[in-house]
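Peer 1: Position chain B against the provided structure of chain A, taking the given hints into account.
Protein chains in written order, with numbering that gives the first Met the number 0: chain A, 0 to 482; chain B, 0 to 482.
Hints are computed from structural coordinates only; laboratory data are not their basis.
The C-beta atom is built at its ideal place from N, Cα and C for all residues, glycine as well.
Certain hints may be false.
As the list claims (entries may be wrong) - Residues on chain B that point at chain A, a partial pick, calculated with CB under 10 Å: (1) Ala19; (2) Ala20; (3) Gln73; (4) Leu76; (5) Glu401; (6) Ala403; (7) Gly425; (8) Tyr427.
As the list claims (entries may be wrong) - Covered stretches of chain A, as calculated for chain B (at least 3 residues, CB under 8 Å): (9) 87-100; (10) 359-366; (11) 398-405; (12) 412-422; (13) 452-460.
As the list claims (entries may be wrong) - To list a few chain B residues with every Cβ distance to chain A over 12 Å, as calculated: (14) Pro5; (15) Pro59; (16) Gly155; (17) Gly172; (18) Pro174; (19) Gln175; (20) Gly183; (21) Asp193; (22) Val289; (23) Leu319; (24) Ala343; (25) Thr349; (26) Asp365; (27) Asn468.
Here are the chains, one letter per residue:
There are 2 protein chains.
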Amino acid sequence: MTDTTPDELDQVLDDAVAAAAVLRGRSPAERADWLRAAADALDGAAERLIPLAQEESRLPRPRLTGELKRTTFQLRLFADEIAAGAYLHATVDHADPAWGMGPRPDLRRMQLPLGPVAVWAASNFPFAFSVAGGDTASALAAGCPVVLVAHPGHPGLSRATAEVLIAALEGAGAPQGVFALVEGQETGRALITDPRVAAGAFTGSLRGGRALFDLASGRETPIPFYGELGSVNPAFVTTAAAAARAEEVAAGFAGSMALGVGQFCTKPGLLFVPADSPIPGLVAERLKEVAGAPMLNDRIREGYGEALSALASHEVVEVLAGTADPSGDPAPTLLRTSAAEILADPRPLTAELFGPAALVVEYTDDEELLAAARTLEGQLTATIQGEEGDQIAPALLEVLSERAGRVLWGGWPTGVSVTYAQQHGGPYPATTAVGTTSVGTAAIERFLRPVAYQDLPEALLPEPLQDANPWSVPQRIDGVHPS
Amino acid sequence: MTDTTPDELDQVLDDAVAAAAVLRGRSPAERADWLRAAADALDGAAERLIPLAQEESRLPRPRLTGELKRTTFQLRLFADEIAAGAYLHATVDHADPAWGMGPRPDLRRMQLPLGPVAVWAASNFPFAFSVAGGDTASALAAGCPVVLVAHPGHPGLSRATAEVLIAALEGAGAPQGVFALVEGQETGRALITDPRVAAGAFTGSLRGGRALFDLASGRETPIPFYGELGSVNPAFVTTAAAAARAEEVAAGFAGSMALGVGQFCTKPGLLFVPADSPIPGLVAERLKEVAGAPMLNDRIREGYGEALSALASHEVVEVLAGTADPSGDPAPTLLRTSAAEILADPRPLTAELFGPAALVVEYTDDEELLAAARTLEGQLTATIQGEEGDQIAPALLEVLSERAGRVLWGGWPTGVSVTYAQQHGGPYPATTAVGTTSVGTAAIERFLRPVAYQDLPEALLPEPLQDANPWSVPQRIDGVHPS
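Here chain A stands alone, though its shape is the one from the complex (with noise of 0.2 Å):
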């Protein structure tokens, strides 16, 4: 890996301002195009760029095949939603005489891009949340130029990306610099730091993130920083499932938490089981069954033997199956302890832990369950395995909804569907924007910014804001939604 000099990176930034002036002026429609043709120069890259991610992550192909397919679905479901319009929330309020406090002008609001945005890939995600991934296709949609700050774990493959993705985007038209990737950690504090820069996008680890949230926010000129931090996912099995539903259980929780190596940011890395139940168990013998597998890097796997040896030598934790040994490709881990003991000092237990190992959790009645779950910090997700008239559910509902961004009710959290409605985020320390997600088509929002117009002429008013609305965008009319 070769860190982008200085000078390089000034003149990366000098050609996204220029492009992101470009693109002010380019209609959503366009660049539904440009994101249209990154998807297709992609999936027609494909077996350019597998091999190199299998090469550098330690991923297996049908995953990557699986992720890539992921990605560029992705750019061609947010090149839909840009080219419908509804994402401008085009607001016109005409001059009204009448108005309750007073006289109104003729006013208009729309959404307008931010500029360059900064994005960091992660490492588990080589596709979906690297180069071409997420956070990349959300800021192009919204018009925003993006400089890449590329993940040392797969150099090559980021590379070989962004040359696809460039020449994909500029083929169909995109201005030169609308997209650029650079290279080194010290390049992204520059980035962070530069007046250039108007927004910052970030996947990965707590420390790293909270490190450049606090650079965002310490400008002269703060922006805004979204940085998706972890989480430990946990995930609640009540009394009633726990006696209808063992096996299952414990198979879906076994078969989640070990899913590519535990390296999945939505990992259930806490399962909550009543004291008596037989699931620690079935999950452990389950989990026997799991051989050991390469982590995406050294550091990762280093990084998890460190904090694995750390709760697993906790006075109140047994090891239920694998070991903490941290020598040799990890195999899955399960250990235990009490909701008491969670109670007693919830932090050291319940903290993110990036890889294959999970901690059960035994309470004793739905009071203590409750109690546990309320010294949880915020998570992207929280799952309840629960059954029909369950009189917990409620209760338990409240208080995860205001803990995580996703609450799934009996199924797993591995496996984050892009879709209109999907929620990837939460309180912090899951995200440092809870108010926004980093999945799903609400994701490109962002990366905008609201401009009113008051009484300009027809002709001067931006496209969508136009009583003749050339674009045919939803507009909301003197308070009356689109219909």
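Peer 2: For chain B alone, kept in the frame of chain A given last:
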């Protein structure tokens, strides 16, 4: 003014947390009734409140009568907005086995309230940006309890308004703790760093707002901080407009900059005119007719005097009308410089000056005007006085829409109507949250966070996400916007 004690604040916050839990169980229609009851009670208390406001703010009665009307109109408009339910952004994706990236679960997202919000009152709008003002109204509309830090400029009015507001809210069925008034600068610092507070909203000075933003961002758990910090609100007169309407432009500008002794965050503080225009002289003549008037309080008067003296004594600035004499009630002051000086060193000449002073900036040609406009920082507003067919208009509009939250054509920025399309915000230092507005119905969005529910049974889903849709809120279903 008696500072709230730490023990009192602790109780207020415990009550706010308890109220937040109750609010989560109430429908927007119920909250709308509370807001309407508050509006009615405030209107009914006009004869008690307005004299208090006159005494403490030194503002004239007609202005305060209009401001109270604005305040109660705003409460009722926000009530209607939440009752209609579109603000929930209810989004329903049914399970879809044929979804392009692989089978999709049932996913449903809506907006939930953030939790207790800390609000700082402003001095210059003792009703509309104070106890029952826009931040309070939008936070309550979102379903968040409010802890309001009274402005020391109108303590008696603040307490009286809080009394009326609390009685009305609780009388209409809102829980105890839904609103509380606290006092003191240290109380404010304790509030923004308290883990029970979920967001902050502030209207006031750059210095005070930045200090609170830094505290909010530096917390162990950072929270959103919506600071409206101010703006110099540049106005640009094109050569065509200067030739066609010099008298009208001069009269309009003089009226807007001197209105309310220049104590609006939207006061136009910069007026760009062609170098040979009679406008500066015409403005000066108008201003000489305006008598001095008392400012809101002595602290503001002193701050204004210091900032004005500094600007007036700048070697490239000339005084055209009024005086930089800091004694007595200030009469309007008009200063003059050139665009070349702005280009040479913009910051000292383009900072906000809160009070009845403005700087005329003479430019030699359109290129210089555009270049000077590009030096400006983030603004709440920017105004163009132009003519049909003005060559410079599109380029100037583009430069200004990148820098301001609201761009006006042919009017003046004082007077901020509360509407659906209003945008009172802008890039830093106009605000600390570029994607938001503090005026208009969209202000409610600041206090919400999205949550997605996956595969929940209908009976456990919140009402806005149920297929039966018992509240009849607009739902985006499977990507199709409501109609």
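Peer 1: Would you pick out the hints that fail for this structure and give their numbers low to high?
Peer 2: 10
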